[in-house]
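Each chain is listed here by its residues.
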Amino acid sequence: MDFREDNLMLVLGLIVIAFILAQSVTFLVRALKRGNELGIAKSTMKNTMIQSVLFTITPALAIVATIIALTPALGIILPWIRLSVIGNITQETAAATAAIEAVTEGGSLALPITDEKSFATVMWVMTLASSLPLVILPLCLKRIQHGMNKAMNKSGDSKLTDTLAAAAFIGLIAAFIARALAGTGTITTEADGTLKNNYDGAGLLSVATLVSSTVIMLILSKIAEKKNITWLSNFAMPISMFAAMGVAILLAQVLPEDLAYFEFRPPVVN
Amino acid sequence: MKKERNYVDKTHTFGSVWSFVMLLVLLTVPLIFCIFYNVWPSFKEVGQGLLPVALMFYPTAIIEIVAYTPLLGTGGMYLSFTTGNISNLKLPCALGALDTAKIKSNSEEGEVITTIAVATSAIVTTIIIAVFVLALKPFIPKLTDPDSLLAPAFKQVMPALFGALGASYFSKHWKVSILPIVVLTLIVIISGSIGAGVLIPIGVVVALLGTLALYKLKWL
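Protein sequences appear in the order of chains E and P.
Following the numbering used here, the numbering of the first sequence begins with 1 at its first residue and continues without gaps.
Following the numbering used here, the numbering of the second sequence begins with 1 at its first residue and continues without gaps.
Each hint can be trusted.
Cut-off 35 Å, straight-line C-alpha distance, at most; resulting in silico cross-link-like pairs (DSBU-like, lysine-lysine):
hint	chain 1	residue 1	chain 2	residue 2
1	E	K159	P	K216
2	E	K150	P	K175
3	E	K227	P	K172
4	E	K222	P	K102
5	E	K117	P	K142
6	E	K222	E	K159
7	P	K218	E	K222
8	P	K175	E	K227
9	P	K102	E	K227
10	E	K117	P	K44
11	E	K226	P	K218
12	E	K150	P	K10
13	P	K104	P	K218
14	P	K102	E	K46
15	P	K10	E	K159
Please keep in mind that the hints were generated in silico from the structure rather than gathered at the bench.
So that you can see chain P by itself, here it is in the shape it has in the complex (with noise of 0.2 Å):
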């Protein structure tokens, strides 16, 4: 019993190490790039463009993190939330294999079972996004020019991203679903131009209000 919460204890000091370390790794990038071409974007100009997106990012994170805690584990939470692509990738992967393996998410095995999976699947999408990257990066100009036959293609990935992505979320929560998609249209019919930073907030905020009005009608 001692050994098993000596694991966990070593796991959440592991994961505090390597989210401090990749942290720094990650505003290294920005840094190094102002100093190598002398460009210093100012505070106001960076805070213009985060507030809308944080507005968002930063609640939706904190409830990432309390959903995800019991499904993940400690190792899965601190890897997961450092590769990123959680629910479309590293949470079916850690359940596929909990499912599998016939393993209760809240045990040691669980543990080791979910941080396996999460660490295989985020090796191997590094490894595929790279090599796709560097194998395709002569040929995206020519893919993406405006004449090329694939033009339509680039300038409707969006809807073609979203409406898939949306319809296994929609199908499962339908009735959450039906409010914010029926608000923000018509806030684009109002307002054509709005951008994405205003409208993304209020789509959450709408969301969210929607859910905790279903819950308390009790029609969830």
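So here's chain E without its partners, still in its complex pose (with noise of 0.2 Å):
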């Protein structure tokens, strides 16, 4: 059995899930308690959490397609469990990208790891990298609003520490985009010592479908913000993304071959 979805990982994965479910219900009812103890209304907690359903079924979904994403490589449970715990779509897709880079020759999110070792290395490399915020919580969180209600009250530049967080994120999705629009291609040798294009450089197709998506998502973000609808605004998202992953299976079926899969670089053997 592939060692990356055997039971072992399978019973990991749940522990995990476990104690997720019960930090979660337990932050909840310590909540819903002081609530009550503080006066607030039933009906408007009973909202906020159906609120909450409401804004997070759709992004849910898009963090399946992320799993899905990185299943080629990793298998299921290994994405299952990062994107459960501390990950985050943009986090885990790049950790995973450079653990894997940096542990297999030539590999990449589209193949699969074959030993148990590198995978091994790369659960390493996503765990180590998302954890530091449970060390600097409860070291600093208690001083960090400390200090922060102190400069609050006298600067009140709380702008310039939002367009950073800001700029961070945006810092790491130039970089996925300048792979989808510049990227080279790489080749890998078979088994049987034939060799394969994988199709994963920047081309015809992934500036199309990153067109399409971007284009998409601010269309519907448009309407959604004019026509005052929510349901639109909560589900731009992964409908963009999943409308884009359409457009390039459609000109995968009806361009010619040669023009569908045409990239701007050739590919590299690794």
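Two chains, two frames, some hints: make the complex.
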């Protein structure tokens, strides 16, 4: 059986999920109790929960899509664990990509990891990469809150902090956009010695998908904002993503193969 | 007043204990795998993979903690940073809940409401992901087969994902976005096979420096 998806991995996944649920439920029960003590209306707390469920459903489906994207290389259990604890869409994809590139020769998210040691290395890298907040928060959160309350009373320039946090994400997203616009694809050698083009470089399909996704997202957000459609605003991101993937399938079906799979630069052999 | 301080103080203790427990649980996963298969990657091997990622994630984690502290409250912070997906899930839930309930974030009522929102979101996300993962598991190999109809879509998940994700960031912060996209695209044009692990820290540094420059020039 594939070690990436065997019973051991499944049990480990279920244990992690059980702990996350236990933590979330205890925080929820504690907050509801305190809310009652403070006299917050039951309907307010109930509406908060319903709204949060609605806000969550679609982004959670986008997370499932990311898990599927990481599956060819890592199997389904590790991405499931990583995207359920601390991880987020951008960080886990970046961590997995960097870890695979570092530990396997010519590896990528499109190719399965076939040995246990490389897989263990990727697991350690992804875990250690995301665990820092669990150390920082107990040590520093109280102090940060204290300092922040002081500073907020003083200057009030939270705009720069917000923009810097957004800029860090933009830098991360820009890396993937640049690869979709200009990255070189790879050719790998199969077990029987034949060369296989992975079609993972920048080309017609990657640019068409990127542009479709961005444009659809902008249009949907604008419509949702102008017409005040809450569900559309909540669903805009997954709709854009799946629609852009649909564009990729459509182009691959209707265009001649040479054109559909055209890449801007010749792929390199790994 | 005394009781209010007690609740927040207790939340700090409660959150710290859970953070420690979750850290242990997380580290146990690769450890048990290594024991079971008797494979032990060296520090050097793990370090080589970790270094480029840590250069990116550790500063980002610190920036995020500082940026989200005034928005998520004490309970919301501990829970959000354990369950992840903050900017795309927990933060919109918390802010939406405060807005709908018409409660200020810097009050104890706000603390309670954000914790309820974040906890509900975490429970729902965990259940949705688990159900989909367990239900889809048998079909995954067929779906991702190179000859399947869906294969081109799976090859293009990254552009589809980052196009949609980037659109909201770029439209809100377009001035900040131009420099990192241009610089990174030029780098990739020069060196097409450069890895994401190298590219990401460069992107973050360029974006942060660009933002500070725009701030100094008062162009933000």
